[in-house]
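> Could you build all of it, start to finish, from the sequences and the hints given here?
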Amino acid sequence: MLRLRASAVAACRGRVVSWSVPRSRDGEVLMISGLIELDEGCWMRARIVGAEPATLAAGTPVLVEFVRSGPGDHLSGSDRSGQEVTGEVIPVFRVGV
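The sequence shown begins at 1 in our numbering and counts up one residue at a time.
In short, the hints are calculated from the structure, not lab data.
Predicted, not measured: the structure shown is a model, and the values here were computed from it.
Have a look at the derived ranges for each label pair, beta carbon to beta carbon: (1) P61 with R25: 30 to 36 Å; (2) L63 with D26: 27 to 33 Å; (3) P22 with P91: 17 to 23 Å; (4) P91 with L30: 16 to 22 Å; (5) A11 with G50: 17 to 23 Å; (6) A58 with R23: 19 to 25 Å.
The beta carbon of each residue, even a glycine, is placed where N, CA and C say it ideally should be.
See the structure below:
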């Protein structure tokens with residue numbers, strides 16, 4: 001049997017490499033989008049949460065969290081408590097850990 005897909009375990013920690021801050025027309029911060037270097041060396045794009053744009057700096061440590069994107073058709077069902085859940089599960093990186 002040929003295994004085409006490789007898997008690896010990551011520490012879920014990293015550091016901010018770069019970021020951008022899209023704003024609404026009236027200047028409200030919509031989100032912080034970042035480029036994160038994981039401790040294992042690979043880079044990924046993800047949303048950064050738990051920080052003010054003015055306080056971010058290259059090298060800021062972050063930790064991954066997995067959140068639901070909201071209602072959607074990609075993932076639905078029930079959680080362990082029986083509550084209905086919808087939306088995709090996506091990674092975000094939290095500052096201040």
